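Undergrad: Sequence:
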Amino acid sequence: MKISVRDTGTPSKRWQVQLDGFAVQFRDEAEARQFVSTLQARLNAPHPLPHRLLRSA
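Here the numbering used here is used: the first residue of the sequence shown is 1, the next is one more, and so on.
If you are wondering where the hints come from, they were derived from the structure by calculation, not from laboratory data.
It cannot be assumed that every hint is accurate.
Derived Cβ-Cβ restraints for the label pairs, each shown as a range [said to hold, decoys possible]: (1) S37 x K13: 30 to 40 Å; (2) A30 x H51: 37 to 47 Å; (3) I3 x R27: 15 to 25 Å; (4) R27 x L49: 16 to 26 Å; (5) F22 x A45: 15 to 25 Å; (6) K13 x P48: 19 to 29 Å; (7) L49 x V5: 44 to 54 Å; (8) T38 x R6: 13 to 23 Å; (9) D28 x K2: 15 to 25 Å; (10) A41 x R6: 43 to 53 Å; (11) L39 x G9: 18 to 28 Å; (12) L49 x D28: 34 to 44 Å.
Keep in mind the model is a prediction, meaning the values are calculated, not measured.
Glycine included, each C-beta is placed from N, C-alpha and C at the ideal position.
Based on the provided sequences and hints, a complete structural model is requested.
TA: Below, the structure written as structure tokens:
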């Protein structure tokens, strides 16, 4: 997944995080970068395979 942060130049929702073709608006750069940090941590976290979940239930 391609993730980028950019300044849109508009006063209200100035910062934008682009996730492939999907855009999320933020009021400031700090909020946008925090969102990216949280998203990347979640994407990089280990995820159990579905068959392992079924066996433990």
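Undergrad: Enumerate the violated hints, using their earlier numbering and listing them in ascending order.
TA: 1, 4, 6, 7 and 10
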